[in-house]
Amino acid sequence: MTATASNPTAAPWFSRLVSRFRRSVLNHGGPEVITQVMQDGNPNRYLDPKVIARFGLSPLIAHLVVEGFISGLHKSPFHGFSVEFADHREYVPGDDLKFLDWQLFARTDHYYVKRYEEETNLRCHILMDRSASMAFGTNGLTKWDYGCFLATCLAHMMMKQQDAAGLTLFGAKPGLILPPRTRSSHLRQMMQVMINNPPEGTTDMVTSLRATVRNLKRRSLIVLISDLIDDPEETLSAIKLLGAHRHDVIVFHLQDPVEIDLSFDGSTLLCDMETGEELEVDPASLREAYQEKVRETNEFYKKGLTGAGIDYQPINTTQPYDHALWAYLQRRALVGK
Amino acid sequence: MFGFLAPTALLGLGLLSIPILLHIFKPRKVKRTPFSSLRWLRASQHRLSRRIKWHQVFLFLLRAAFVALLVFAIAKPVLSPGGGKGVAERFVIVDVGRTMNYRMAEGPSPIERARHLAEQALLQAVPGDRSAVLLAGSQTESLGPLAEDPMLYLAKLRTVQAGLTDADLTATLRVIPPMIGTHRPDSNVELYFLTDHRATKWRQGDIAAFEQKIGQPVRVRVIDVGADMMRNAWVSSARFIETDNGRRRTIRVQVGAAGDETTDRTVRLSRLPGLPEQTAAIKARPGQITQAEFQLPPDYDLRDKIGQVTIEPADRLPSDDTAWVDLDARGATRVLLIEPPSTQIEELQPGYHLRAALDALADAQGGGLRVTRRPDRSVSADDVNAADVIFLAEARSMSDGTVQAIERRVQAGAGVAIFLGPSVDRDFYNSRLYNPLRPTASLLSVRLKDPVNRRADASLPRLGDVKWNHPIMSRLFDPTLGDMAQVSFSGYYRLEEMAGGGGGEVLATIGGQEPAIIDRELGEGRVVLFNTSPNDAWSDLPRRKSYVPLVDQLLAHLSGGLNRRVLEAGGAVALPLPDANPDTKITLTTPGGQSLDARPRTVGGRVVMQVENAAEAGVYSVEYQTPQGPRTFRFVVQVGGHDATLARADDQALTSWWAPSKFETIKPGGDKDALDLGGGRTLLEPWVVAAACLFLMAEMFFVHWLCPRMNPNVMSASLLSRRGSMLNTVGATTAGPAR
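Those protein sequence lines, which keep their order, are chains A and B.
According to the working numbering, the first sequence holds residues 6 to 342 in order.
According to the working numbering, the second sequence holds residues 50 to 788 in order.
It should be emphasised that the hints constitute simulated quantities derived from the structure, not laboratory data.
Here the structure is a predicted model, which means the values were calculated and not measured.
A portion of the hints provided could be inaccurate.
As the list claims (entries may be wrong) - Pairwise CB distance ranges (calculated):
no., chain 1, residue 1, chain 2, residue 2, range
1, A, Glu301, B, Met749, 32 to 38 Å
2, A, Glu293, B, Gly63, 38 to 44 Å
3, A, Gln324, B, Gln105, 54 to 60 Å
4, A, Glu301, B, Gly63, 50 to 56 Å
5, B, Pro735, A, Glu301, 31 to 37 Å
Unchecked claim - Every beta carbon over 12 Å from chain B, so not counted as near; a handful from chain A, in silico:
no., residue
6, Gln108
7, Ser136
8, Ser138
9, Lys148
10, Arg193
11, Val198
12, Arg215
13, Asp287
14, Gly309
Where is the CB? At the ideal position from N, CA and C, for every residue including glycine.
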């Protein structure tokens, strides 16, 4: 399949006629699969409002989305939660009353707020799955690009409230690691890393996550952005391992709609993007069974992860990411985290 | 022997190579698409390999078998274990004469049997044979050219009906050689006549001419669909006779009968306005002519009166039980007979034999011929001007005015027959009838030299060098029964040929020397010279059986075909229209009330009406315009009576006529009325089509019953409930074919 970074809806009428003919006569129908991530040379593409708008990733006016999240539409639920008491500071109007030290008020008759060690220094590790399967996508957007948009949005949101965000790329093994920082330049660095390290190779979630656990010295927020295409049992246990080490884990399970529906037309020779293995299938004859299998797997992850206290958010890449994020943030706010 | 009637259809088998070639050479149809992971797919199904599954091969074979069988069916396979080389030119000739409508005592009529058996004869064709169907009526009609697939003619054959005309079976032989064209190597010609096999339908002359032309023996089979004994009574003739200077008027009806017993019949005369119907009882005796007469009042106005004569009760062949009698003399051919009053003894008069022949013909034509006699020296110009045909029966001499009148009349379109003889004035003939100053414009084109007397010869010279294809002579040819070639001459004139030619066409010679008969055009008319006497003084011609037919042919030739003979159904009609213009509009109405297309034509200076085919028998009416106003008249077309005797043909005679060709008569009989021409040929087309349908049903069964086990999407809900979950079904079986 040819890569295209252009909007497929902009194809000329003749091209649409030809492709319709090919679909109907030559059985070349089905979704247009892309396997190459964006290569437009824009280092800030994952924050570029025009890019965000072009992919429909944010129905709201582009550059306000992120700002909207940041500027008080919702307070971020990600705030200091460390249990290491450091000292007190005098209360100023606006501080959250739940951090008010009432015992000290009782003794001193003055209002003091507890300060915890690194309370404004939430450490978020964004784990991005960099395996080759993340380069699969339809409708002009790969899972990798979607994940990058999502990761950038998250990191930006955290850095705006003085939290630190870092990036870890993994595939068959842990890859490049950017430790969490709060500097705005760090965000650009993260984007650059994501741009310069497109997906490749196979997936070994277990090895990668175990290595990650070993590298995390302090309790952190771990955001796993992946398509979870690996042995479900082992993947689940590896993710649970993260949670067992007292890290707060959020799993964004990215799936392309074609991966969910298997909406190919006619006999198709599918080529595994990680292993190179090929398989000729008749999608119509096994679509239902496949969808059932996917549902089963998703249900398995949901049950296993939520049972372990891990947030699990399945995301369809046709879904604008701000909606997905919005829904997630609302849920977390309700839970009170 | 197995073969195909339409072998070119087998080219359709090439269609079977298309799917094979597509499978081999077509670019890979399967789309190669990257996919994130095959992990969940592998769990859902087995690999579908590129190797062709056994069921795909089986499906292809089923479909190929269906297509192949359809192609075979179109090619019309035929099995003929009995043999046959497949190179026969087969002609199925169906008799559609009126006798084929004979009502049999039981069972179908001859024409119905003929249709059925003709179809069987066609279906028994061996692959490679060519067949054609001819209809034999008064004229020959072909249903189409020779074709390898006789099925083409079945639809038309099933609608064939017998007509009202007599049948001429051997006339069909004339069209066969041109239909065959170039002979195929080792090909045989087979003729199948489906007829009631009556004697009057066969002519030896046509058979002989055909055998000469075809150049090889043929195989002739007559399939006799008639009854062995056929009984019939018919109106042989119905004539109006006026005698005693018009004071006695009689309608004389002659009834013929065929069969094995005498029957009581009634002859009824009707449809004469102002007169009551009259009947006469008769006994119709087979082989005899029975006569009945009806008297008409002497003062009865005969103009435009046509009476109908009917035999009652109707018999098994009712078409010839009715005849019409035209009492109106208008339109008759007028003959002027000029002869010398040499003796009072009528039988010795020069024109006696000629007169007798003309009287017989006048009787036969029922008023279509009016003969006027005049002595040679008292004939007037008015007599000449009123005549259509003039006979000079050994006239001695005539006045100049008469001669000039005759010349003018011939120039205007009349015909003249000149008989010489011992009484002619040679000087008169050589100076007045032959004008040396204008030889081409005179009545005679040759000068009479000395007469020759051959009575003393041991053997008299005979008529020779006869041009049998000339209109006067053509119907007189009969190698067995004809006697024109035996006419002998005891006297004749030596004739001097005109310088530069232009003397006319010599139709026969006397002993190969002097011309006996010369035919010549003169202006719009014709002159025929007989170098003999009109009686038997110089030749025995008047005593020959061919004499009256010769005179009949002569009348037709000299009148331009307008001598008003009996008009028969199915034949052409040509009638003069007095006072009509050449472009007059003609309205012709049939007895059934329909309008027919009739064209005016100028013949011999007269305007005539011409109709190609008067199919109905009965009274026709004609209306046309003249300068004096519209005119109408009626004429009668009779049913052909030639075949009325229903005498069965003589197989022995026919066998000798057809020799050396093989001739046989087949009489299919029994309830089945089947025709076995040998070979036991079987058309396999229905069986092949049935087999193709079976293969199609098998393919449908295989696809729609077995494949759903592999293809869950086409499973019905009931099958689902019986078979359990689709996962179990899909996981347990191999992948289905891509559809």
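Evaluated hints:
1. As the Cβ distance of Glu301 (chain A) to Met749 (chain B) is approximately 37 Å, the hint placing it in 32 to 38 Å holds.
2. The given range of 38 to 44 Å is respected by Glu293 (chain A) and Gly63 (chain B), whose C-beta atoms sit roughly 42 Å from each other.
3. Here the CB-CB span from Gln324 (chain A) to Gln105 (chain B) is close to 41 Å, at odds with the stated 54 to 60 Å.
4. Look at Glu301 (chain A) against Gly63 (chain B): about 52 Å separates their beta carbons, and that is inside 50 to 56 Å.
5. A C-beta distance of roughly 58 Å is found between Pro735 (chain B) and Glu301 (chain A), which places it outside the suggested range of 31 to 37 Å.
6. The Cβ of Gln108 (chain A) lies farther than 12 Å from every Cβ of chain B, with a closest approach of about 55 Å, so its non-interface assignment holds.
7. A beta-carbon of chain B is positioned within 12 Å of the beta-carbon of Ser136 (chain A); the least distance is around 9 Å.
8. The claim that Ser138 (chain A) lies off the interface is violated: its Cβ sits roughly 4 Å from the closest Cβ of chain B, which falls inside the 12 Å cut-off.
9. Not every Cβ of chain B is farther than 12 Å from the Cβ of Lys148 (chain A); the closest lies at roughly 8 Å, contradicting the non-interface assignment.
10. Look at Arg193 (chain A): its CB is around 29 Å from the nearest CB on chain B, clear of 12 Å, so calling it non-interface holds up.
11. No beta-carbon of chain B is positioned within 12 Å of the beta-carbon of Val198 (chain A); the least distance is around 22 Å.
12. Look at Arg215 (chain A): its CB is around 21 Å from the nearest CB on chain B, clear of 12 Å, so calling it non-interface holds up.
13. Distance check for Asp287 (chain A) against chain B: the nearest CB is about 5 Å away, which does not clear 12 Å, and the non-interface claim fails.
14. Here Gly309 (chain A) stays apart from chain B, with its beta-carbon at least about 17 Å from theirs, past the 12 Å limit.
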